[in-house]
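Residue strings, one per chain:
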Amino acid sequence: PGLNIAEASKVSVTEVLCLLNMVTEEELVDDEEYEDILEDIKEECGKYGTVRSIEIPRPIPNVEVPGVGKIFVEYASKSDCQKAQQQLTGRKFAHRVVVTTFYDPDKYHRRQF
Amino acid sequence: NLEPRRKKKRGSRWEGTEQDRAFIPGMPTTIPTNMSKDQEKAYLTQLRIEQISRMLRTGELGVSSNPEERSPSPEPIYDSAGKRLNTREVRQRSKLESERHQHVLEMFKLNPEYKPPPDYKPPANKIVD
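Residue numbers (the working numbering), protein chains in the order written: chain A, 1 to 113; chain B, 1001 to 1129.
What the hints contain is simulated information worked out from the structure, not anything from laboratory work.
Keep in mind that this is a model prediction, so the values were computed, not measured.
C-beta atoms are modelled at their ideal positions from N, C-alpha and C, and glycine is treated no differently.
The reader is advised that the hints may include incorrect statements.
[Said to hold, decoys possible] So these bits of chain B aren't anywhere near chain A, every CB distance computed over 12 Å: (1) Gly-1011; (2) Gly-1016; (3) Ile-1031; (4) Gln-1051; (5) Arg-1057; (6) Gly-1062; (7) Ser-1073; (8) Ile-1077; (9) Tyr-1078; (10) Gly-1082; (11) Arg-1084; (12) Asn-1086; (13) Lys-1121; (14) Pro-1123; (15) Ala-1124.
[What the hints assert, rightly or not] Once the Cα atoms are required to be at most 20 Å apart in a straight line, the calculated EDC-like pairs of lysine to aspartate or glutamate come out as: (16) B/Lys-1095 - A/Glu-25; (17) A/Lys-47 - B/Glu-1099; (18) A/Lys-42 - A/Asp-80; (19) B/Lys-1041 - A/Asp-104; (20) A/Lys-78 - A/Asp-104; (21) B/Lys-1041 - A/Glu-44; (22) B/Lys-1041 - A/Glu-26; (23) A/Lys-92 - B/Glu-1060; (24) A/Lys-92 - B/Glu-1075; (25) A/Lys-42 - A/Asp-31; (26) A/Lys-92 - B/Glu-1113; (27) A/Lys-83 - B/Glu-1113; (28) B/Lys-1041 - B/Glu-1089; (29) A/Lys-47 - A/Glu-25; (30) A/Lys-107 - A/Glu-55; (31) A/Lys-47 - B/Glu-1018; (32) A/Lys-47 - B/Glu-1040; (33) B/Lys-1037 - A/Glu-64; (34) A/Lys-92 - B/Asp-1119; (35) A/Lys-42 - B/Glu-1040; (36) A/Lys-92 - B/Glu-1018; (37) A/Lys-92 - B/Glu-1069; (38) A/Lys-107 - A/Asp-31; (39) B/Lys-1041 - B/Asp-1079; (40) B/Lys-1037 - A/Asp-36.
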C-alpha cells in the first residue's frame, strides 16, 4: 500500500550501509542502552566483513539532530557491505523490522545524515 | 576496540537468521537511496503500522520470554469477578495500540488520504496501569 518502492530507481551499492527502523530516540537517550545497542551492532555487522566505522546519531535536547533513528555502518568494501545488507534486511532488532539502504560515502564522511 | 567493556543488561537485540525474516507483503525492507526525508518517514511509519497490526492480529506481541528483559510488572488489578484486568497481554496490546495510534496520526499529517488498517480504531479511553 502507498508508496511504490518496487518502481523506484535501482539501488546502487556503496560501502556504507544505512539501517533504519531499529532504534527509537528514547532508547538512544539512555547511555547504557546506547552502549548496548552499539555492541549489538558491532557484533552482528562484524560477521559480514570488516567494519571501518559505525555512526549512531543521538538526540540532543532542543536540537534537531539529523539521522536520529538511523544507524550507519561503513565497511572496508562494497562487497562486504552488500553481503551485510542481504543478511540483515528484514531481520528483527528489538522486535522491529530492519530496513536497509546504501548511503553515499561522501555524505557519510561529511556527517550529512 | 570491539571487546565488550562491561556486562550487558540483556542479550542481543538481533532476532532470527537470514532464513527467518519478516516479510510484509508490498513493503520491501530494502529501500532506494534517493527517497526524500518525507517519503522515507512515511514509508517507515507505514511499515511500523503494518507490523504492529500484524502483531495484534497474530497475537505474537513481542513480549520477551526472559523476565530480565522485561520491565517490572505493575500491581495486579482485578475486576469484581476476581479476573485480572492488567495481564501482560492486555498491557502489551494496549501499548502497541497506542503506539500504532501515534503512527496513524503521523501518517494523516504526511498524507491526508492515508487509509488506516481496517482493525484500527482511535482510542476511546485509556487503560492505566
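Taking the hints in turn, this is what the structure says about them:
1. Consistency note on B/Gly-1011: stated as away from chain A, yet its beta-carbon is not over 12 Å from all of that chain's, at 9 Å minimum.
2. Once the 12 Å rule is applied to beta carbons, B/Gly-1016 is inconsistent with being away from chain A; the minimum gap is 6 Å.
3. With a minimum CB-CB distance of about 5 Å to chain A, B/Ile-1031 fails to clear the 12 Å threshold, and the non-interface call is violated.
4. The beta carbon of B/Gln-1051 sits about 6 Å from the closest Cβ of chain A, which is not more than 12 Å, so the claim that it is off the interface is violated.
5. For B/Arg-1057, the requirement that its beta carbon stay farther than 12 Å from each beta carbon of chain A is met, with the minimum near 15 Å.
6. Interface exclusion of B/Gly-1062 from chain A breaks down, the closest Cβ pair being 4 Å apart, not more than 12 Å.
7. The claim that B/Ser-1073 is not at the interface with chain A holds, since no C-beta of that chain comes within 12 Å of its own (minimum 18 Å).
8. At the 12 Å boundary, the C-beta of B/Ile-1077 stays outside the reach of chain A, the nearest C-beta of that chain being 25 Å off.
9. Against the 12 Å criterion, B/Tyr-1078 stays outside the reach of chain A, whose nearest CB is about 29 Å from its own CB.
10. No Cβ of chain A comes within 12 Å of the Cβ of B/Gly-1082; the nearest lies about 32 Å off, and the non-interface call holds.
11. No Cβ of chain A approaches the Cβ of B/Arg-1084 within 12 Å, the least distance being about 24 Å, so the stated non-interface status holds.
12. Taking the minimum C-beta to C-beta distance to chain A, about 21 Å, the non-interface status of B/Asn-1086 holds against the 12 Å cut.
13. Every CB of chain A is more than 12 Å from the CB of B/Lys-1121 (nearest about 19 Å), matching its label as outside the interface.
14. Every beta carbon of chain A lies more than 12 Å from that of B/Pro-1123, the smallest distance being close to 20 Å; the non-interface claim holds.
15. Annotated as non-interface, B/Ala-1124 keeps its C-beta farther than 12 Å from every C-beta of chain A; the closest such distance is 26 Å.
16. Pair hint B/Lys-1095 plus A/Glu-25 holds up; C-alpha atoms about 17 Å apart against a cutoff of 20 Å.
17. At most 20 Å may separate the alpha-carbon atoms for a hinted pair to count; A/Lys-47 and B/Glu-1099 exceed this at roughly 33 Å.
18. A hinted pair counts as satisfied when its Cα atoms are at most 20 Å apart, and A/Lys-42 with A/Asp-80 qualifies at roughly 14 Å.
19. At roughly 19 Å between alpha-carbon atoms, B/Lys-1041 and A/Asp-104 fall within 20 Å of each other, so this suggested pair holds.
20. Our distance criterion of 20 Å between C-alpha atoms is met by A/Lys-78 and A/Asp-104, whose separation comes to about 12 Å.
21. The hinted pair formed by B/Lys-1041 and A/Glu-44 fails the criterion: a straight-line CA distance of about 25 Å is larger than 20 Å.
22. About 17 Å separates the Cα atoms of B/Lys-1041 and A/Glu-26, which keeps this hinted pair within 20 Å; it holds.
23. Our distance criterion of 20 Å between C-alpha atoms is met by A/Lys-92 and B/Glu-1060, whose separation comes to about 13 Å.
24. The straight-line distance between the Cα atoms of A/Lys-92 and B/Glu-1075 is roughly 31 Å, outside the 20 Å bound, and the hint therefore fails.
25. For a cut-off of 20 Å, the pair hint linking A/Lys-42 to A/Asp-31 stands: about 17 Å separates their Cα positions.
26. Straight-line distance between C-alpha atoms of A/Lys-92 and B/Glu-1113 comes to about 30 Å, which puts the hinted pair past the 20 Å bound.
27. Simply put, A/Lys-83 and B/Glu-1113 have alpha-carbon atoms about 38 Å apart, too far for the 20 Å limit, and the pair is violated.
28. Proximity of B/Lys-1041 to B/Glu-1089 is assessed by CA-CA distance (about 29 Å); at most 20 Å being required, the pair is judged violated.
29. For the proposed pair A/Lys-47 and A/Glu-25, the alpha carbon gap of about 26 Å is over 20 Å, so the pair is violated.
30. At most 20 Å may separate the alpha-carbon atoms for a hinted pair to count; A/Lys-107 and A/Glu-55 meet this at roughly 12 Å.
31. With a CA separation close to 12 Å, the supplied pair A/Lys-47 and B/Glu-1018 stays within the 20 Å bound.
32. A threshold of 20 Å between alpha carbons decides the hint, and for A/Lys-47 with B/Glu-1040 the separation of about 28 Å lies outside it, so the pair is violated.
33. Pair hint B/Lys-1037 plus A/Glu-64 holds up; C-alpha atoms about 14 Å apart against a cutoff of 20 Å.
34. Under the criterion of a C-alpha separation no larger than 20 Å, the hint pairing A/Lys-92 with B/Asp-1119 is inconsistent with the structure, at around 24 Å.
35. The suggested pairing of A/Lys-42 with B/Glu-1040 is violated, with an alpha-carbon distance near 25 Å, which exceeds 20 Å.
36. At most 20 Å may separate the alpha-carbon atoms for a hinted pair to count; A/Lys-92 and B/Glu-1018 meet this at roughly 10 Å.
37. For a cut-off of 20 Å, the pair hint linking A/Lys-92 to B/Glu-1069 stands: about 16 Å separates their Cα positions.
38. Distance check on the hinted pair: A/Lys-107 and A/Asp-31 sit about 26 Å apart at the alpha-carbon level, beyond 20 Å; violated.
39. This hinted pair does not check out: B/Lys-1041 and B/Asp-1079 have alpha carbons roughly 41 Å apart, beyond 20 Å.
40. Taking the CA atoms of B/Lys-1037 and A/Asp-36, the gap is about 28 Å. The hint is violated against a cut of 20 Å.
Violated hints for the displayed structure, listed by number in ascending order: 1, 2, 3, 4, 6, 17, 21, 24, 26, 27, 28, 29, 32, 34, 35, 38, 39 and 40.
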